[in-house]
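Using the sequences and the hints, build the whole thing.
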Amino acid sequence: MIARMVKVEIVGPAGLAVEVLSLLRELGVFQIEPDSAAFIPVEDRDKVHSLLLDDKTMGERMYYEELKERIDELFACLPRGEPRRSYLAPLTVLDSVSQTVRRHLGVCREWCRARESLQRELVELERYGAVLDALEPHLAGLDGRSGLEFIAVTLTGHDALEEFVRMLARLTSNRFGITTPHTDDGTLMALVTLEKGAADRVRAALGEQHVPELAPPATLAAVPLAEKATALRRRKEALGVELSAIDGKRAAFAAQWGALYRGVRNWLDERLTLMKNIPYLMQSDMCFFIHGWTPEQELERLEEEAGRRFAGAVVVERREILEQDLDQVPVTLRNPPFLRPFELFARLLPLPRYATLDPTPFLAIGFPLFFGMILGDAGYGAVLLLISLVLVRRAPGGDLRDAGKILLVCSCYAIVFGFLYGECFGAWGAQLLGIDKALLVERRRAILPMLLLAVSIGTVHVVIGLALGVVTALRRRTGKEALFKAVNIAAILCIAGAILSLVEVFPRAFAPPLVFALLALIPALIFSGGLLAPLELMKHVGNIVSYARIMAIGLASVLLARVANSFAGLTGNVVAGVLLALLFHAINLVLGVFSPALHALRLHYVEFYSKFMISGGRKFEPLKK
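Numbering (this note's numbering), first residue to last: 6 to 630.
FYI, nobody ran anything at the bench for these hints, they're computed from the structure. Possibly wrong hints are sitting among the right ones.
Label-pair distances were calculated between CB atoms; the ranges are [claimed, not checked]:
| # | residue 1 | residue 2 | range |
| --- | --- | --- | --- |
| 1 | Gly33 | Lys442 | 21 to 29 Å |
| 2 | Leu584 | Leu564 | 16 to 24 Å |
| 3 | Phe515 | Met6 | 35 to 43 Å |
| 4 | Asp332 | Glu31 | 54 to 62 Å |
| 5 | Glu74 | Pro366 | 15 to 23 Å |
| 6 | Val568 | Ser615 | 30 to 38 Å |
| 7 | Asp332 | Leu405 | 31 to 39 Å |
Derived SDA-like pairs: lysine to any residue, alpha-carbon spacing no greater than 20 Å straight-line [said to hold, decoys possible]:
| # | residue 1 | residue 2 |
| --- | --- | --- |
| 8 | Lys544 | Arg623 |
| 9 | Lys410 | Lys281 |
| 10 | Lys201 | Leu211 |
| 11 | Lys281 | Phe294 |
Quick reminder that beta carbons are idealized off the backbone N, C-alpha and C, glycines included.
So, in structure tokens, the structure goes:
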């Protein structure tokens with residue numbers, strides 16, 4: 006259900022504004038209204054204005070923001086991790102922290118710069134190491150030869166490689182050797198062996214085309230080619246030692262100072278949040294005003310805490326919610342624990358507006374029912390029951406645990422309908438367990454009865470949705486809309502009764518009066534809904550027909566289970582047949598989870614919600630830590 010909200014005005018001396026905001030943040034039950042026009046009478050609006058920060062408070066805010074930026078920069082230079090808790094009150098050490106953070110920040114910046122420089126060099130060494138690995142097979146055959154040089158470049162692809170080879174052939178008269186290895190990250194490289202004079206021409210051409218040569222890092226530039234691999238390994242080891250030393254200093258600093266700076270930073274964040282809310286407050290010559298919303302059950306607690314903290318200097322006053330305020334009232338859903346998991350599906354859509362209906366209870370009833378009717382297999386339901394129990398038990402909480410609870414309810418419905426249909430892993434499991442005698446209907450043969458059952462359920466569901474729409478319209482005092490939905494209910498019942506009379510479920514004598522009643526309802530339909538109202542009625546009829554998917558998708562699941570069972574006897578090998586049957590049952594089970602869930606949600610979101618739900622509600626977002 007949608008929690009009842011209270012329109013609240015808080016009044017007090019201007020000097021207590023920040024302290025009152027701090028109390029509201031601690032309680033976490035009050036949402037400040039940025040637009041206070043609805044709270045202030047028209048004749049009094051020229052007497053109040055937005056609360057402006059005085060010079061002292063503005064100076065404090067700038068001081069806090071600068072200090073917070075420095076601490077954030079400091080943390081950016083430190084390793085991530087959750088520091089130990091500091092037991093020092095942030096306010097008592099604020100001035101000391103302001104002085105030490107500059108010195109600490111300078112030291113940490115030096116560590117970061119040194120670390121970044123070492124990491125860049127390490128990356129260069131890794132890239133050049135790939136070049137040396139590719140060169141190594143060619144170095145063995147160069148003994149005794151002189152005047153040869155190597156050029157290494159990276160290429161964007163095979164088209165660039167072909168162009169590069171054509172350039173080499175032109176500049177060296179085809180006197181070159183080339184290999185094209187790939188590095189570990191997939192980069193295409195070209196390693197060229199050629200004479201010194203040709204190498205100069207190739208380098209000049211590469212410079213003109215802005216193709217950089219992959220040169221060795223500066224630390225290896227003077228090392229002979231044959232010794233570069235050994236020097237590279239030694240330098241990488243030295244870099245690793247230097248990086249470990251810097252990381253050790255950073256970790257030790259974080260362990261010693263991180264908790265203190267984290268506590269101060271959190272205090273600054275909370276204080277700045279309060280100050281940023283000050284412009285939403287209003288003030289007169291003598292006092293400030295805070296306007297906003299709180300759940301009705303939290304109003305008494307808010308009044309008591311304000312009275313206790315400020316000894317009557319701050320007043321919390323309940324104001325009347327006017328009709329023009331309804332679209333402005335924030336919305337929060339409050340349901341009993343057994344319904345709360347189904348808010349997961351309700352949150353997939355925009356929130357309903359205030360003074361309308363929360364769809365969660367109706368979804369909690371209809372969704373498992375439709376899911377069970379579609380899946381309708383005791384074996385599949387038992388498997389899903391085990392999976393849901395694991396989810397509920399092992400999930401850390403939040404949406405995943407809610408999904409497990411929803412699956413738990415749905416699996417129970419699937420087991421119940423499995424007994425009603427006489428199905429357990431299709432007909433095979435039902436025969437094995439002796440439950441193949443359907444208690445309700447054998448849906449793999451009774452297609453027409455299942456279709457009538459699905460459409461009948463659709464009729465009831467749509468009529469309930471329209472009835473809820475009448476209630477919603479009356480709550481919002483839109484009588485014409487309520488009349489329109491009531492006339493649609495009467496018309497749908499007349500159509501359903503006439504059809505049941507024609508198929509002799511009801512006596513045929515009922516059909517003519519119902520048809521005449523339907524014709525008599527058309528003027529009322531047009532009066533309440535306009536000239537297109539009959540088309541809206543046909544849309545409702547189409548919605549009802551779409552509930553046939555309950556029968557169709559369920560029948561598809563039955564047939565897939567039957568196909569899976571048939572594989573056990575078709576392969577000629579018992580083991581292969583059983584494995585193939587299990588595979589098809591597993592596929593059918595996956596489809597049996599997603600298809601019923603998606604179509605059951607669609608029947609609620611499209612066919613049911615559209616009859617009564619008015620979306621667009623503002624989410625209740627109280628000021629809190």
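Take the C-alpha atoms of Lys410 and Lys281, compute the straight-line distance between them, and say whether it is at most 20 Å.
Violated. Lys410 to Lys281 sits at ~40 Å, over the 20 Å cutoff.
Between the beta carbons of Val568 and Ser615, is the distance compatible with 30 to 38 Å?
holds, 37 Å
Does the alpha-carbon distance linking Lys281 and Phe294 stay inside the 20 Å limit?
holds, 16 Å
Given the proposed pairing of Lys544 with Arg623, does the C-alpha separation stay at or below 20 Å?
violated, 30 Å
When you take the CB atoms of Gly33 and Lys442, is the distance between them in 21 to 29 Å?
violated, 57 Å
Hey, Lys201 versus Leu211, does the alpha-carbon distance stay inside 20 Å?
holds, 15 Å
Is it true that Asp332 and Glu31 lie within 54 to 62 Å of each other by Cβ?
violated, 30 Å
Cβ-Cβ distance between Asp332 and Leu405: within 31 to 39 Å?
holds, 34 Å
Between Glu74 and Pro366, does the C-beta distance stay in 15 to 23 Å?
violated, 48 Å
Cβ-Cβ distance between Leu584 and Leu564: within 16 to 24 Å?
Holds, at about 21 Å.
Indicate whether the distance between the beta carbons of Phe515 and Met6 respects the range 35 to 43 Å.
For Met6 against Phe515, whose Cβ atoms are near 39 Å apart, the range 35 to 43 Å holds.
Taken one by one, the earlier hints fail for this structure at numbers 1, 4, 5, 8 and 9, listed in ascending order.
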